[in-house]
Every structure is written in C-alpha cells, then in structure tokens.
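Engineer: Given the sequences, and given the hints that come with them, work out the whole structure.
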Amino acid sequence: MSWWIQLIACGIAAASFSVLLHQPRSTILVSSLVSILGYSVFLLLKQSTLAYFLASLLIGICCELSARLMKRVATLFVTGAIVPLVPGVGLYRTMRFIVDGEYSDAVRTGAATLLGICGIAMAITISSVLFSAFWHRKANQRGASC
Amino acid sequence: MDSITTTLDAVCLASQLILENGGETYRAEETVERMCQGLGILRVDVLALPTGLMLTLTLEEDRTISRIVRVHSRSIDLNRIDECNVISRKVASGSMTAEEALKALQQIKRPQTEKRPLLIAASAVSAASFTVMLGGSWADFGVSFFCGALVQWVLTPLGKMKVPPLISSMIAGALTTLLALLGARMIADVNIEPIISGAIMPLLPGLATTNAMRDTIRGDLVSGGARLGEAILSVMMLAAGIGLMLSMWGGRLT
Numbered sequence: 030m031s032w033w034i035q036l037i038a039c040g041i042a043a044a045s046f047s048v049l050l051h052q053p054r055s056t057i058l059v060s061s062l063v064s065i066l067g068y069s070v071f072l073l074l075k076q077s078t079l080a081y082f083l084a085s086l087l088i089g090i091c092c093e094l095s096a097r098l099m100k101r102v103a104t105l106f107v108t109g110a111i112v113p114l115v116p117g118v119g120l121y122r123t124m125r126f127i128v129d130g131e132y133s134d135a136v137r138t139g140a141a142t143l144l145g146i147c148g149i150a151m152a153i154t155i156s157s158v159l160f161s162a163f164w165h166r167k168a169n170q171r172g173a174s175c
Numbered sequence: 022m023d024s025i026t027t028t029l030d031a032v033c034l035a036s037q038l039i040l041e042n043g044g045e046t047y048r049a050e051e052t053v054e055r056m057c058q059g060l061g062i063l064r065v066d067v068l069a070l071p072t073g074l075m076l077t078l079t080l081e082e083d084r085t086i087s088r089i090v091r092v093h094s095r096s097i098d099l100n101r102i103d104e105c106n107v108i109s110r111k112v113a114s115g116s117m118t119a120e121e122a123l124k125a126l127q128q129i130k131r132p133q134t135e136k137r138p139l140l141i142a143a144s145a146v147s148a149a150s151f152t153v154m155l156g157g158s159w160a161d162f163g164v165s166f167f168c169g170a171l172v173q174w175v176l177t178p179l180g181k182m183k184v185p186p187l188i189s190s191m192i193a194g195a196l197t198t199l200l201a202l203l204g205a206r207m208i209a210d211v212n213i214e215p216i217i218s219g220a221i222m223p224l225l226p227g228l229a230t231t232n233a234m235r236d237t238i239r240g241d242l243v244s245g246g247a248r249l250g251e252a253i254l255s256v257m258m259l260a261a262g263i264g265l266m267l268s269m270w271g272g273r274l275t
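Listed in order, the protein sequences are those of chains V and X.
In terms of our numbering, the first sequence opens at residue 30 and continues consecutively.
In terms of our numbering, the second sequence opens at residue 22 and continues consecutively.
Hints are supplied without guarantee of correctness; some may be wrong.
Stated by the list, open to error - To give an idea of the chain X side of the interface with chain V (calculated C-beta under 7 Å), a few residues:
id, residue
1, Leu34
2, Asn106
3, Ser150
4, Thr230
5, Arg235
6, Leu267
7, Met269
What the hints assert, rightly or not - In silico SDA-like links for lysine to any residue, alpha-carbon gap of 25 Å or less:
id, chain 1, residue 1, chain 2, residue 2
8, V, Lys100, X, Ala125
9, X, Lys136, V, Leu73
10, V, Lys75, V, Gly130
Stated by the list, open to error - A few chain X residues that don't get close to chain V, going by computed Cβ distances all over 10 Å:
id, residue
11, Leu155
12, Pro178
13, Leu225
To be clear, the hints were calculated from the coordinates, so they are not data collected in a lab.
Glycine included, C-beta positions come from ideal geometry on N, C-alpha and C.
Structural biologist: Written out as structure tokens, the structure reads:
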C-alpha cells in the first residue's frame, strides 16, 4: 500500500471512530485532519518511541488550539485524533509471541509497546497541562474556560 | 431564587454525567465549582472519583449540605460531555438558573434513540481503515470490515445485559481473532496481523489511559491510579481474548 492510501485510511478510520464515540458532528472533521497530520509525522519519524511522543505532542497541541478556537472541550478532539497512533500491532505481536512461547521476543515487543503508550499519554498530558497553565488567565477574562 | 435541593440536584447531575460518559475527574470537579460559583454558593468542596462523587456546599457560615453520588457504569459519549460543558458554562455566567439547568441535564441523561446501524457501520469502517493504514491489502480490508461490524453487533447487547466491560473486552478480542483466522483459512492471500491489529484499535482504552495520566499529573492520585488499573486490565483482557483464540486455533500454548 502506498503512503497516501495509508494516510487517507487513517483519516477515515479516525472519523468513523469519532462517530463510534458519539463525537459532535462539527468536531469530527477537525480530529480526522489532525490525526492525518499526526500519523504522517509518525511515519516520517520511522515509528520509533520518540515518534510516538512527538506525533502525539503535535496532535495534542493542534487539538488544544482547535478546542480554544471552537470553544469546545479538548478531549472531544484528542480522543478521535490520537487513535491511529495507538500501538495495536505491538499488542498483537506481543500476544502472538507469548502464544508461540517466544518469551524474549514477547518481552522486547511488549516493552516497546508499553513505551509507545507511555509516550502518547505523556505527550497528551503535557500539551493539556501546558495549555491550561498558559491560557488560564485569558480564558477567565473572557468568562469561559476550556 | 432556586431552592437548594434544585441547585444540589443540578450540580450533582452535571458532574455525574461527566463521570459516566468518559470525562476526566478534574473536569467533573471543575464543573461543580464553576456551577456553584454561578449560583452564588458561598463555598464548595468536591471530591470526584471514577466511581463516585462527594460534595459539600457551604450555604452560610454554619450551614452545610452534603451529598454522595455513586457512578456505576462508565462508557464513552463525548457528545454528552460537550453538552454538559455548555450548560455548566451558561450557569457559571449566570445566564441559566439551576432549575433550567436541571431540566436540560435531564434531557441529556435520557437514553438517546439507538442509532445501531450507524454505530455498526462506523465500527466496521474504522476497523477496516485501520487495517489498511497498518499496511493491509484490500482482501484484509474486507475481512476486517466484517470483524468490526460483528464486534459492535455483539458488544451492544452485551452492554445491555450488564456484562462487565472487562469480559466484553475479552469476548471482542476472541471474536476478532476467530474471524480473522477464518478469513485467512478461506481466502488465500489474507494476512491476519493487520486484520487483528486494525480491528482491535477501536477497542483499546486510549481515552482511559490518557485520562489516567492527566489525572495523575494534576494530582488526583486516586482517580489516576484507578483509571490506570482499569485501562491495564482492559488491555490485558483484550490480549487474553486474542491469545486464547490463537492458541486454541494453533493448538499450542506453552
């Protein structure tokens, strides 16, 4: 599969996952586009642990920005946009190795998967904490906080 | 002037809805504080947990009123969180009274008309697209499409029968794997790796994990730990379902 088909699939997947979570209609397109952006960074960075972190950080920042612009809760955008990065393959391979009895491979893949998940969670948290720290005063002045 | 019971009802319902539909605990607490500020409550102390909520309103210097709300089921419905947020902001800015807020919140709480075909289609399309995204072929796309549809078709009645989410997670993992293995047996050039990995992506607790981290970093240690435990268990159950089916099919689990 060429890379652009993968990216389109990523956008469609994120959008339909958003539908599954009852995301408000007006936010679905945004999180789909953000997920494409994040996943292309992830692919460019060769899918390393650092790539998980940086791609998620980009997604987190984009989502926080669009949340501020559209006056919505950031969680709405992040949940759909982050899904393509979740290491499903790693989880599957880990399980496959365990079933085959190849425990050293299982531990290696499992650790990489776990690191990926930690990277994603850290990045999302950092972006949300940073934004709420720096935007708090401004938001209060306008009488609305996100 | 709203009666104090109405105020309490509205505030509790708002944060309960947020906790039940996948919101962060700090959001539930913030909602309570914000609404109480708008309704002119002197002081409010609130502790939200993933499984419940405790709050005490101080009306005058020596008059307080408390309530505990239990949260039994947790699912994800972002639309409801969004609507609660809109209402709490209106209350905070003073453009909505407690009674109006209570009515609006009850409207949100009412079970929505089931759009089951839409959800099944969404699940099928997302599973199939994830498969392609992870490098699957068009044959894999087809098999994964059915996996996603079947999983959603089975999960909804399981949820209604009050099967614990952890068990449904395991069932979903096992079903996905079974269908992928069957597909690989029947169609020649089907590769099960992208199918299974793609089809389980929508089932992984992504929101729970990020919420857990967010809660922990903000200092809500109890909620963070509880959510993290839930997320880890749910991943393990999913993996157990996959592993069970793989080993039953391959006939070995050493």
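Engineer: Which numbered hints are broken by the structure, listed smallest first?
Structural biologist: 1, 7, 9, 10, 11, 13
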